[in-house]
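Assemble the complex: chain A is given as a structure, and chain B must be docked to it using the hints.
Those protein sequences? They're chains A and B, same order as listed.
Note that this note's numbering gives residue 236 to position 236 of the first sequence, counting from 1, and the numbers run on in steps of one.
Note that this note's numbering gives residue 290 to position 9 of the second sequence, counting from 1, and the numbers run on in steps of one.
Check the hints yourself; a few may be wrong.
Stated by the list, open to error - Only part of the chain A face toward chain B is listed, based on derived beta-carbon distances under 7 Å:
1. I24
2. S28
3. I45
4. L52
5. G54
6. S58
7. I59
8. G120
9. S122
10. K126
11. N130
12. S143
13. L146
14. Q177
15. K260
Please keep in mind that the hints were generated in silico from the structure rather than gathered at the bench.
Ideal Cβ placement from N, Cα and C applies to all residues, glycine included.
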Amino acid sequence: MVRFYKNRPIIMVAVAAIIIIVIIALTSMDRDRVSRLESIVGVIIKPATQALTGVVDSIRNSIAGLAEIGSLKETNQMLNQQLIALRAQVREIEALRQENQRLREMLDFKNTHSEFDLIGCSIAGKSPDNTSGIFVINKGIESGVLKNMPVVTSRGLVGRVIETANGWAKVLPLNDQRSSASILVNRTRDTGILKGDINFELTGSISPEAAIVEGDDLVTSGLGGIYPKGLYVGKITGISTGEGQLLKTIRVEPAVDFDKLEEVFVLRHVEELPFEGETID
Amino acid sequence: MSGWAIALMLLVNFIMQSTVFRYIAIMGIMPDSALVMVVAVSILIGNRRGAVVGAAAGIMQDIVYGKPVGITTLSYMLTGYIVGEYSGKVFKERLVVPVFFTAGATLLKYFIVIFFNYVLGVPTGIPVYIRHYIPVELIYNCAVSALLYRALYLAFNRDSTQPRVRAKKRR
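Next comes chain A alone, as it looks inside the complex:
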């Protein structure tokens, strides 16, 4: 039997292809957590990606300083060595200051949102697929991260958890083409739908009667059950009503810079929380 397949790789590939298509169909449905096998693969890969991300970030931060070293004159070597040491300290202090600022903002966020239980996470890696915005965070079921929990930073909404495992979880950001959220214009209280697209930009649809203007702040509306009410999403940067369109189309500048995420928070037990948050801005 094995010999039969060995001589006919096309049959082997066809059988494998059918199995994969079944897996695609099964995993495209909603599931709470990944399988045991997937979980193990993630646990192996996560520390490496996380460490490398950290190393690259620190290298990138010090490249400016290192580039200058080559151009220094020999006579000034002593002084420059001191200078470099001092610069390293300054960079370190600056990094600490920024971290302090970030953590302080997050603490503020935590204080103003005492109704949420926040789980601090860092980003372990991002999808190599150019059309996917999915990223992996370093906490999973063991820390209480569950499917559909919102992911935020101190600036605003990032996205939601789509699958979890032990020690890691997949996050679908708001600007991915598979993402959508129900939104509320903070000033006029009009509701609408916000979607990501293939270009990783946010566009939304809102009732044509809505008296919205560019610069209006958007928050989540709490409809739909995934995102609690009042999480800050971003600002309207463009409004258009195309011919034959029933709804106003809005372009939205997200509050979060999706390319520069480092630390995020997962909001825990949203379904048990009262759906009456306050706005963050």
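Only chain B this time, still in chain A's reference frame:
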């Protein structure tokens, strides 16, 4: 080049892809170096093992970042198999061979992605794929293939002179 060496190469590449590759993105597009490697390896080792290497590279990416799981696995496995089919029929030392197959493999990958997006009801945005993602990634992948293939070719041919590892030739 043994199976373990190929597996290690794919693993290291995958970790690089999900961490540092965003710094070498051109117009927001990262090269798909895993696909490039699957193509190059399949030219050198043939269809059966090419399909296995493709499936292995794909499943790793799918498990960690895929939603749903399997689309990358399917496209890489088919790439490995189809390219491997030509393993015995092309001049392996010519650089145009991997570059040509890499271009074809990139098109196949996007065809499969768009097909499953359509079937699963994800908004596809085909014009954006055609205008932006496919041409930029195709050129980038071909360039990476041209740079990478020579090194892999030499690694495989050095192995074939050693007694323990046989050079795999189809028929």
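For each hint, the structure was consulted:
About 4 Å separates the beta-carbon of A/I24 from the nearest beta-carbon of chain B, less than 7 Å, and the hint is met. Taken as an interface hint, A/S28 checks out: its beta carbon lies about 4 Å from the nearest beta carbon of chain B, inside 7 Å. A least Cβ separation of about 6 Å between A/I45 and chain B falls short of the 7 Å threshold, and the interface hint therefore holds. Here the hint on A/L52 is kept, as its CB sits about 4 Å from the closest CB of chain B, short of 7 Å.
Look at A/G54: its Cβ only gets to about 9 Å from chain B, farther than 7 Å, so that hint breaks. Using the Cβ-Cβ criterion of 7 Å, the hint placing A/S58 at the interface with chain B is not satisfied: the shortest such distance is roughly 12 Å. Annotation: interface hint on A/I59 violated; nearest CB of chain B at approximately 9 Å, more than 7 Å. For A/G120, the interface hint is violated, since its Cβ never comes within 7 Å of a Cβ in chain B; the closest pair sits about 20 Å apart.
For A/S122, the shortest C-beta to C-beta distance to chain B is roughly 13 Å, which exceeds 7 Å, and the interface hint is violated. At its closest, the beta carbon of A/K126 sits 6 Å from a beta carbon of chain B; the interface hint therefore holds under the 7 Å criterion. Checking A/N130 against chain B by beta carbon gives a least distance of about 5 Å; that is within 7 Å, so the hint holds. Hint status for A/S143 relative to chain B: violated, with the closest Cβ pair at about 18 Å, above 7 Å.
Of the supplied interface hints, the one on A/L146 is violated, with its beta-carbon coming no nearer than about 16 Å to a beta-carbon of chain B, more than 7 Å. The interface hint given for A/Q177 is met, as the beta carbon of that residue sits about 6 Å from the closest beta carbon of chain B, less than 7 Å. Contact between A/K260 and chain B, as hinted, is not supported at the beta carbon level, the nearest pair being about 11 Å apart and thus beyond 7 Å.
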